[in-house]
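On the provided structure of chain A, position chain B as indicated by the hints.
Residue numbers (UniProt numbering), protein chains in the order written: chain A, 1 to 522; chain B, 1 to 100.
Hints are computed from structural coordinates only; laboratory data are not their basis.
Hints should not be assumed to be uniformly reliable.
Stated by the list, open to error - Taking lysine-lysine pairs in the BS3-like style, the calculated list, with each CA pair at most 30 Å apart, reads:
{"hint": "1", "chain 1": "B", "residue 1": "K86", "chain 2": "A", "residue 2": "K261"}
{"hint": "2", "chain 1": "A", "residue 1": "K27", "chain 2": "A", "residue 2": "K268"}
{"hint": "3", "chain 1": "A", "residue 1": "K102", "chain 2": "B", "residue 2": "K85"}
{"hint": "4", "chain 1": "A", "residue 1": "K116", "chain 2": "A", "residue 2": "K372"}
{"hint": "5", "chain 1": "B", "residue 1": "K93", "chain 2": "A", "residue 2": "K427"}
{"hint": "6", "chain 1": "B", "residue 1": "K10", "chain 2": "A", "residue 2": "K427"}
{"hint": "7", "chain 1": "A", "residue 1": "K28", "chain 2": "A", "residue 2": "K372"}
{"hint": "8", "chain 1": "A", "residue 1": "K502", "chain 2": "B", "residue 2": "K93"}
{"hint": "9", "chain 1": "A", "residue 1": "K268", "chain 2": "B", "residue 2": "K85"}
Said to hold, decoys possible - Take a look, some chain B residues computed to stay more than 10 Å from chain A by CB distance:
{"hint": "10", "residue": "I3"}
{"hint": "11", "residue": "S5"}
{"hint": "12", "residue": "K7"}
{"hint": "13", "residue": "K8"}
{"hint": "14", "residue": "M100"}
Glycine included, every Cβ here is placed at the ideal spot set by N, Cα and C.
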Amino acid sequence: MGLNITAILMFVLFVSITIYITYWAAKKTQTAKSFYTAGGDITGFQNGLAISGDFMSAASFLGISGLVYLTGFDGLIYSIGFLIGWPIILLLIAEPLRNLGKYSFADVASFRLQQKPIRLLAACGSLCTVILYLIAQMVGAGKLIELLFGLPYYCAVMIVGALMILYVTFGGMLATTWVQIIKAILLLSGATLIAVLVLIQFSFNVNDFFKAAINIHPKGVNILAPGGLISDPISAISLGLALMFGTAGLPHILMRFFTVKDAVEARKSVVYATGFIGYFYILTFIIGFGAIILVSKNTQYLNELGQLIGNNNMAAIHLAHAVGGDLLLGFISAVAFATILAVVSGLTLAGASAISHDLYANVFSGATFSEKKEMQVSKIATVFLGLLAILLGITFEGQNVAFMVGLAFAIAASTNFPILLLSIYWKKLTTRGAVIGGSAGLISAIFLVVLGPVVWVDVFNYEEAIFPYKYPALFSMTLTFMGIWFFSVTDKSKYAHLEQAKFDAQFFRSQTGIGIDKSLNH
Amino acid sequence: MSIASIKKIKKLFSDLQKARREIVLPLITLTVAPYFGFIGVIAFNPNLFSKLVGSGSLSIGIILGFILILHIFLVTLTYSYLANKKLEPIIRKLIKTQSM
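Extracted from the complex, chain A is given alone in its bound form (with noise of 0.2 Å):
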């Protein structure tokens, strides 16, 4: 692929707007609480499109565009995986959370908890989310920016990093909310157009267009029918608890329901935000169908083998040459693009806070803490994360990654997402259980990972996997609710009563959010 003009032009476009963004919001951030919030008052259907972009990465555009590309049906099982967790999200998290917290989820699940134990504990589920979906957002960003532009992969690695330290460092939460809202609603015209570009060709005849796909993909008829992507009951529902509550564990999206005023604003967001990602779910099934019939037998996009070049990720990118020419090949290779330094962007910035907000402030500073220290802390952790990720991102060049986002989401479901449920809602909860049973979950989704068909036979070329499942949700949950209710209810310390004692009060307070101004600056 040479050289795209209108790529290159587009991406100046969108770098310079972001850093002018990022110039007015630093002037804007220089308060702890404008830096991890936004100062509090983004709209709910801002916020809407600030968390779908959270939520939409390039990986996901390109990936499971991809993905019905190769497979078809087993496309819209991802999707739909995805979808699922907002619904819970909204019912049992977003309000209680907005009615509890301040800067980071951990100030939730510590509410009535011991600061250290829980903090610590909170903090290293976040980092490990954090940090795996960030090298795996690395690596896709410097193998299609390499493709897209021409750049070197470490060079495409560095500029990612560098314009992501930019924008979090000066900007903080604000510049990053705008950037994402800019890059959600990029993504959302550029994949809208292509998909309306492929169905004008078929006069939008929904049965035309389908048809068209059936008979040209080798697999025929079967593209409509579930492929081997789930061939087992257990893999069935451990992959399905991970999905449906990992992305309520993602500490990067939770983060976003403090940038509301309230708990109203919290739940008017993830409606939008469910919205939103649907559509964007059924633009790529379209994409993805799109490119069986108009990229896959066109030998422009093919290498020799006869594959697409670049891989079966790269389906959509054709696609817009396919029906948009060079002028819309350049728009989508632009918005990829900013798609990975948005999304890079909210991780980094949810990683910072759990290093400056969670570690720092609470853990580690003691008496020399002042909110000026923790804003310097948070920028020191923000430039810190990014060198981290350049570093991370050049080292796991070549090498598969593909299992990071699926561990960053068994954590999310093992780790942040039971500690915080059960914090809200349950009563008998102790610090004690909090942290044996959500460390069990953390060790157990790592280990689980490690020693299965995706780490120790794809990544580490051993014949037989020890854990014979690819998905470790099932376990590790089930350990981590054992644990967390076993050694709660046997906790008979005096901290345990008094922890249980604060329940009512914070039930209150969560299910009503009185109280919740007093707070804000205590």
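Structure of chain B alone, referenced to chain A:
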């Protein structure tokens, strides 16, 4: 705060919890059951989803998949509607009583 208003707050809060349960429990079921039903069919009886319908260019699985996406969105919309209509008035009354 007077004893009367403490009593009133207790009553309102128990109303709120009851109203919330009546909204959240059915909606959680409406989220979890169809999803695991969908995954369950794929794991246990995938042929059910392979059946073609209409002129043979769409399968049951694809149609149900799209309906499920729409359904998930409708669940969030329904919750938001019900919460604004039934929970918010109680919460407003609570806040008013609390500040009296």
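Violations among the numbered hints, reported as their numbers in ascending order: none
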